[in-house]
Amino acid sequence: MAWGYLTTGIVTLISLLPPLVAVSHSFRAPESEQWSGSSYEYVMTTYGSSLSFSLKLALFVVIVSLVIAVPAAIAFTRFPFRFSGVIEELIMTPLSLPGISIAIAVIVGYNSMRGNWLLLAMAQMLYTIPYVVRILGNSLRLLPIDELEEAARTLGAGRYVRYRRVIAPLMIHPTVLAALIVFAISWGEFNVSFLLATPTQLTFPAALFATYTSNSLSVAGAATAIFILGAVPFFIAFQLLERRPFEGGQGV
Amino acid sequence: MKRSMVALLIAMIPAALSAQDPVVIQYDCIPNYANWGGVTALYKKVTGVTVPPDLKGSSVAMAALEKEKDNPQADTAYYSGAIGFQAAGKGLHAPYKPAGWNSIPAALKDPNGLWWTVHTGTIAFVVNKKALGSKPLPRSWADLLKPVYKGLVAYDDPTWGGTSYTFVYGINALMGGSKSNFTPGLNYLRKLDANILSYPRESIYNAVLSGEIPIWINADGNGYKMKWEDKGPVEVIIPSEGSFSMALVMGLVKGAPHAPEARKYLDWLLTAPAQAEMSRGYFRPVLKGSMPKDVAARFLPDSAYKKVRTLSLADSAAAADSLKRAWLDQVRGQR
Amino acid sequence: MSVDSTPSSRQRLGILLTLPLMGFLAFALIYPIYRLGGLALTGGPVRLDRVAWLGLRNSIVLSLGVAVCSIVVCFIPAWVLARWNFRGKLLLRTALTLPLTFSGVVVGFLAILMIGRVGFIPVLSEKLLGISLLGGAAYTPLGLVMAYLYFEIPRATLALESAFSEFDSDLEAAAATLGAAAGRRMFRLIIPMLFPALVATFFLTFSVSLGSYGVALMLSRRLTLVPMEIYTSFTGFLDDQRAAILSLALIAISLSVSLASRLIRRLT
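Protein chains in written order, with the working numbering: chain W, 1 to 252; chain U, 1 to 335; chain Y, 1 to 268.
For reference, chain W alone in the conformation it holds in the complex (with noise of 0.2 Å):
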């Protein structure tokens, strides 16, 4: 029991310390940049333009990843068709590719478009996708949708109130949790926006990549922690809002 213990704040602490040890960098002043302000201020200033295009940008997949994949995900488990299986494997599939083989081949596919960012969301929304579909396919497939239904229509409620009333409610929890990890996705998405990236059309990963290599320790250490602050939160509020359903022994 006392190992089991030890050896998870052994690997918390690898986990932990890194990070912690860019951000206590990040205090100091700038080094090499002939800055008169904090790093933080530098980073704001130099870089602030990609921080608001990432923001911008997650905003915008949220949003068309939840129209396109929300309503299939209802298809694939209360209307499945002959090759509603088939297609549900297919859009899963970017997960399991590497990252780079799909980034080189969105960019192949759509060369012309290069300095469009509609391109770059497109290639972010294969990762974003289908985490929408695995998340909300989940709670569908779990939750007791049809005994539900079957009250409420026994009950006398019509196909609309059962929708609005019954099965809306409960899809409400589960797309939260996916947009909150579809922004978290896009926010932290380097592999595309790295090679699609123009001095206008930088996103805050690939920013943070110019910091590690153009920039002093102490900036590269700001722009970090401006990173993490981006996506902790959503991270911390996935932990907490996945546990909720779960609790109360709400059946399943």
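Bear in mind the hints are in silico, worked out from the structure with no lab data behind them.
Built from N, CA and C at the ideal position, the CB exists for glycine as well.
One should not assume that every hint holds.
Unchecked claim - Ranges of calculated distance between the beta carbons of each label pair, as one might list FRET restraints:
#: 1; chain 1: Y; residue 1: Ala82; chain 2: W; residue 2: Arg165; range: 34 to 40 Å
#: 2; chain 1: W; residue 1: Ile10; chain 2: Y; residue 2: Phe167; range: 19 to 25 Å
#: 3; chain 1: U; residue 1: Asn181; chain 2: Y; residue 2: Glu126; range: 43 to 49 Å
#: 4; chain 1: W; residue 1: Ile236; chain 2: Y; residue 2: Phe86; range: 15 to 21 Å
#: 5; chain 1: U; residue 1: Pro273; chain 2: W; residue 2: Met92; range: 57 to 63 Å
#: 6; chain 1: W; residue 1: Asn138; chain 2: Y; residue 2: Leu124; range: 15 to 21 Å
#: 7; chain 1: Y; residue 1: Val61; chain 2: U; residue 2: Ser312; range: 42 to 48 Å
#: 8; chain 1: W; residue 1: Arg165; chain 2: Y; residue 2: Tyr34; range: 25 to 31 Å
#: 9; chain 1: Y; residue 1: Arg266; chain 2: W; residue 2: Tyr163; range: 36 to 42 Å
#: 10; chain 1: Y; residue 1: Thr177; chain 2: W; residue 2: Asn138; range: 33 to 39 Å
#: 11; chain 1: Y; residue 1: Val61; chain 2: W; residue 2: Arg28; range: 37 to 43 Å
#: 12; chain 1: Y; residue 1: Ala82; chain 2: U; residue 2: Lys129; range: 49 to 55 Å
#: 13; chain 1: U; residue 1: Trp101; chain 2: Y; residue 2: Tyr34; range: 47 to 53 Å
What the hints assert, rightly or not - Lysine-lysine pairs mimicking DSBU-like chemistry, simulated, CA-CA at most 30 Å apart:
#: 14; chain 1: U; residue 1: Lys264; chain 2: U; residue 2: Lys90
#: 15; chain 1: U; residue 1: Lys150; chain 2: U; residue 2: Lys191
#: 16; chain 1: U; residue 1: Lys135; chain 2: Y; residue 2: Lys127
#: 17; chain 1: U; residue 1: Lys45; chain 2: W; residue 2: Lys56
#: 18; chain 1: W; residue 1: Lys56; chain 2: U; residue 2: Lys69
#: 19; chain 1: U; residue 1: Lys307; chain 2: W; residue 2: Lys56
#: 20; chain 1: U; residue 1: Lys231; chain 2: Y; residue 2: Lys127
With chain W held as given, fit chains U and Y onto it using these hints.
Here is chains U and Y on its own, set in the frame of chain W:
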């Protein structure tokens, strides 16, 4: 609910697409190389036009221009001479003679205005003395092969950066090779590989300054800047057997998206204030007399530069593809 | 199933709801892979040069090593997360899976920060113990493995944890009452029962490492690795065909690995 989402989506598109400040896109605009950071900051102060940083090395910049031929994203690019010559040869540039054209020596520009030199540098050892500790400073190319420097040397990947390509071509010339015979140079580089820590595909200016990488084969200007501007424990050494000078060139990209702004920018780069700011990166400005006296005084004495030879841009450009491939195969692809 | 609609009208609704996704699939996945294949096959026979084969060998060996290490390292933490309950468990889970949000370049940077020539660990060990440990390790194959491991720990932990939480402990309890010692229970009962999950995690970790590009970008200096070869061919050399062939090779390897993993799971 879906309708409002679609409306939100459509409303976002123009916001996401609108460009705020006027920009000029320069490929290969590395902030701490040749003080592009300072130069572009000065340009923004003077005109309000932003030239954002871009970390592509010369070869990668050229490749990007070629890929974007049908839909150019960049207005101008900055290269080490050989690569710029190559890019112009591939038809990637539009002819343009910036104001101040006549002050550029004929050997440092293309007669049709496809490329021209903005400043020059020399390949040297940039050495972080503190990181070397008690080890002696390397003074010659032969010194660098000594086992005492194992794991301490780096030069940029020559398939990425033009400065390194110039070094690889030059060392071949120095060791007795030619534009068709790469063997002497590659032999030397293979032996040097034993001491190499890495072949970075990015500017390792900060890594050298911090001592992470003690010996960097790169432009002398970077070493001087580390020593005098960033007050690093750095020495610049011109190897005793000799070295090579390097012209850094630019050109106007064919089909540049912001062509009028780009031309103004290129004009401005050849004016006295711009060239003086460039010299703060310790590269020798092409405009004679624009380097401030105090900056000039900090270079190594002319005697150190006696054995620096100029390389033929045409020859080095012609050899580029095959030499890069040979390097990849015989030097880098060993493990 | 709802009784007030016919099967075929449900199917039609299903198809309607899936149309956007199918369109996306065609545009975003099928067409690009088709073009990639076309590019790989342009100009005759598909051949790879010596350096590309070297890269494939290195990448595969590296990924195999990382996969094995990550299972060994993450087994116990995943077990603890899945089967024990204690205060601060949420914090532990967050801490362990935080690196999930870091892309490969961040991990590479952190590796240099920790075990570079003047990294945190060598500097600290120099101060405390007088000798500098792991200085410069980031640029060696060992450092590369450590960086990849850091990248994989959250993924392997999550994968193992979900499998462990479904593990039926009744059998184990029965074995315990029959007198089997803990170690014996572990090796003769638990691990064989968990074998499919271990296999799945092994292949998942292998695939992710194989295709990981960010870490290679920051750290693969002298070791030839496939993601870097793809990158240099595509951006430096305009040898798009070589990049396409190598990309397809990685896709083929990942697909066969995932198929093999499924087969093994089905057989056991």
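How the hints compare with the structure:
1. Judged by the Cβ atoms, the range 34 to 40 Å given for Ala82 of chain Y and Arg165 of chain W holds: they are separated by roughly 36 Å.
2. A hinted range of 19 to 25 Å for the beta carbons of Ile10 of chain W and Phe167 of chain Y is consistent with their spacing of about 23 Å.
3. Evaluation of the 43 to 49 Å hint for Asn181 of chain U and Glu126 of chain Y yields a pass: the beta carbon distance comes to about 47 Å.
4. Distance hint check for Ile236 of chain W and Phe86 of chain Y: the Cβ-Cβ separation is about 19 Å, which falls inside the suggested range of 15 to 21 Å.
5. For the pair Pro273 of chain U and Met92 of chain W, the beta carbons lie near 58 Å from each other, so the given range of 57 to 63 Å is met.
6. About 44 Å separates the C-beta atoms of Asn138 of chain W and Leu124 of chain Y, a value inconsistent with the hinted range of 15 to 21 Å.
7. Evaluation of the 42 to 48 Å hint for Val61 of chain Y and Ser312 of chain U yields a pass: the beta carbon distance comes to about 44 Å.
8. Separation of Arg165 of chain W from Tyr34 of chain Y is about 45 Å and departs from the stated range, judged on CB atoms against 25 to 31 Å.
9. With their beta carbons about 37 Å apart, Arg266 of chain Y and Tyr163 of chain W fall inside the hinted range of 36 to 42 Å.
10. Restraint check, Thr177 of chain Y to Asn138 of chain W: a C-beta distance of roughly 35 Å satisfies the suggested window 33 to 39 Å.
11. Evaluation of the 37 to 43 Å hint for Val61 of chain Y and Arg28 of chain W yields a pass: the beta carbon distance comes to about 39 Å.
12. Taken as a hint, the range 49 to 55 Å holds for the pair Ala82 of chain Y and Lys129 of chain U, whose Cβ atoms sit roughly 54 Å apart.
13. At roughly 49 Å, the beta carbons of Trp101 of chain U and Tyr34 of chain Y sit within the given window of 47 to 53 Å.
14. Distance check on the hinted pair: Lys264 of chain U and Lys90 of chain U sit about 24 Å apart at the alpha-carbon level, within 30 Å; holds.
15. At most 30 Å may separate the alpha-carbon atoms for a hinted pair to count; Lys150 of chain U and Lys191 of chain U meet this at roughly 11 Å.
16. Taken as a hint, the Lys135 of chain U and Lys127 of chain Y pair is honoured in the structure, with Cα atoms around 21 Å apart against an allowance of 30 Å.
17. Distance check on the hinted pair: Lys45 of chain U and Lys56 of chain W sit about 28 Å apart at the alpha-carbon level, within 30 Å; holds.
18. Of the pairs offered as hints, the one joining Lys56 of chain W and Lys69 of chain U holds, with about 28 Å between alpha carbons and a cut-off of 30 Å not exceeded.
19. About 55 Å separates the Cα atoms of Lys307 of chain U and Lys56 of chain W, which puts this hinted pair outside 30 Å; it is violated.
20. The suggested pairing of Lys231 of chain U with Lys127 of chain Y holds, with an alpha-carbon distance near 25 Å, which does not exceed 30 Å.
Of the numbered hints given earlier, the model fails hints 6, 8 and 19; all others are met.
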